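K.L.:
The residues making up each chain are set out below.
2 protein chains.
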Amino acid sequence: MKKLFIVGIGPGSREHMTLKAVEILKKVDTVVGYNYYIDLIRDLIEDKEIISTGMRGEIERCKLAIEAVKNGKDTAIISTGDAGIYGMAGPIYEMAKGIDIEVVPGVTAAFSAASELGAPIMHDFAIISLSDLLTPWELIKSRIEAAAKSDFVISLYNPRSKNRQSQIVEAFEIISKYKDGNTPVGIVRHSGRKGREIKISTVKDIDFEEIDMMTVIIIGNKESFMRDGKIITPRGYDI
Amino acid sequence: MKKLFIVGIGPGSREHMTLKAVEILKKVDTVVGYNYYIDLIRDLIEDKEIISTGMRGEIERCKLAIEAVKNGKDTAIISTGDAGIYGMAGPIYEMAKGIDIEVVPGVTAAFSAASELGAPIMHDFAIISLSDLLTPWELIKSRIEAAAKSDFVISLYNPRSKNRQSQIVEAFEIISKYKDGNTPVGIVRHSGRKGREIKISTVKDIDFEEIDMMTVIIIGNKESFMRDGKIITPRGYDI
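The listed protein sequences derive, respectively, from chains A and B. At position 215 of the first sequence (counting the first as 1) the number is 215 in the numbering used here, and the numbers step up by one without a gap. At position 189 of the second sequence (counting the first as 1) the number is 189 in the numbering used here, and the numbers step up by one without a gap.
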């Protein structure tokens with residue numbers, strides 16, 4: 001019986017992949033993924049059957065991966081970061097029946113970005129995607145409000161694209177109601193991979209023009225502060 | 001100039017470590033950590049100077065790690081999971097001045113547990129620690145309430161110990177006000193390492209006696225369901 005591995009490849013650079021993700025990609029017959037993500041691991045899978053499709057082809061890729069397993073191939077379908085958050089684990093489990101599945105966890109963008117910003121998370125923490133393609137905007141807004149009001153550190157995924165420019169503005173309007181304007185905000189583009197750009201700003205000074213779909217944002221809590229170009233959120237120890 | 005690496009070793013089994021975490025542990029002169037976590041990587045660091053202390057020795061370990069760097073040793077201080085959430089990154093950045101620091105991200109327990117439960121996270125998601133040793137219980141409760149009310153998938157860290165038994169009961173009283181009693185709950189003990197135990201229950205049926213400090217809990221959102229022993233939270237695709 002062949003198996004379908006759902007593999008989180010981490011943020012993109014080889015060093016942040018887990019040993020297991022590398023091992024599985026080397027072992028399977030077929031690898032399925034979004035073009036751009038396949039390119040991040042192409043040197044690992046040169047001898048494999050590679051099935052790649054374009055943006056928004058998520059469901060097609062799931063179908064092709066399930067089909068490959070049914071055709072007798074050990075198969076990996078890849079997500080960047082961890083496949084269990086906004087990744088391929090959900091749709092595969094929704095669609096696949098009667099095949100053996102294993103999820104291989106990975107380093108998600110928020111933790112990769114946090115490691116580059118210092119220690120901005122450290123405490124109770126919420127991840128919210130600003131993409132309203134699959135989720136009602138009202139629900140997303142209510143989550144931003146709840147997280148900001150109860151002083152979570154917040155990470156925003158999919159913050160802004162060519163066709164979604166207003167969501168990030170609205171998100172920060174909500175956040176500004178509850179978080180001080182001087183709260184540190186980390187903005188990392190291409191976190192954990194080639195082309196990385198790190199910026200540190202504040203809730204009141206953030207420049208939305210710098211933000212795109214390759215950007216992850218981390219907004220501190222009431223205790224967060226900046227020092228020597230890093231964002232630090234105390235855990236609460238008496239230091 | 002010597003360097004201090006703050007290394008997330010992932011949930012514990014070697015396969016879930018990143019390539020970089022392994023590389024750094026092999027490269028440094030000195031490794032500092034909690035006894036129990038040092039044991040998880042002892043075979044990797046046999047030739048190193050090892051400084052380990054007991055539970056609640058966090059600040060002492062930070063001091064010893066900073067001192068080691070100042071004494072001319074490349075040093076790694078380890079956390080399980082990712083060091084940037086409830087780990088050593090915060091206190092190190094708070095305490096260390098004038099030394100070179102790098103955080104190496106890792107797979108945090110929620111994502112390791114999620115991979116073992118199926119695809120329970122998938123969507124907007126909050127991590128909350130139930131430990132009130134360093135955080136007021138009223139603040140923690142307000143975060144549980146906010147996250148449950150706005151239908152986040154929730155992961156609870158440090159859910160219950162010998163001396164903290166009431167917090168998990170109160171947490172589920174709050175969660176029950178907003179989440180249906182049949183909402184799936186994943187309970188994973190020793191996720192991603194030897195001795196792993198996976199249980200799936202519901203908000204109304206969860207057995208607190210099964211939960212300890214080695215347990216991570218994931219509570220679904222309104223769309224989450226169980227199938228074939230897995231928890232699945234849809235991303236929202238039309239499948």
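If you're looking for bench data, these hints aren't it; they were derived computationally from the structure. Quick caveat: nothing in here was measured; it's all calculated off a predicted structure. Any given hint could be a false lead.
The list cannot tell twin chains apart, which means a pair is met if one copy fits it or any two copies do.
What the hints assert, rightly or not - When the alpha-carbon atoms are kept at most 25 angstroms apart in a straight line, the in silico BS3-like pairs for lysine-lysine are as follows: (1) Lys199 - Lys63; (2) Lys194 - Lys63; (3) Lys3 - Lys230; (4) Lys48 - Lys3; (5) Lys141 - Lys177; (6) Lys70 - Lys230; (7) Lys199 - Lys48.
K.L.:
Against each hint, give a clear statement of whether it holds in the structure.
P.N.:
Structure-based check of all given hints:
Taking the shortest Cα distances, Lys199 and Lys63 never come within 25 angstroms of each other, neither inside one copy (39 angstroms) nor across copies (29 angstroms). Within a single copy, Lys194 and Lys63 get their C-alpha atoms no closer than 30 angstroms, and across copies no closer than 34 angstroms, so neither meets the 25 angstroms cut-off. Within a single copy, Lys3 and Lys230 get their C-alpha atoms only as close as 43 angstroms, which misses the 25 angstroms cut-off; across copies the closest is 16 angstroms, which meets it. In the homo-oligomer, the alpha carbons of Lys48 and Lys3 lie at most 25 angstroms apart inside one protomer (15 angstroms), although the nearest pairing across protomers, at 39 angstroms, exceeds that limit.
For the homomeric pair Lys141 and Lys177, the shortest alpha-carbon distances inside one copy (13 angstroms) and between copies (21 angstroms) are both at most 25 angstroms. When the C-alpha separation of Lys70 and Lys230 is checked against a cutoff of 25 angstroms, the pair qualifies only between copies, where the shortest distance is 21 angstroms, while the shortest distance within a copy is 49 angstroms. Taking the closest pair of Cα atoms, Lys199 and Lys48 never come within 25 angstroms of each other, the shortest separation being 38 angstroms inside a single copy and 36 angstroms across copies.
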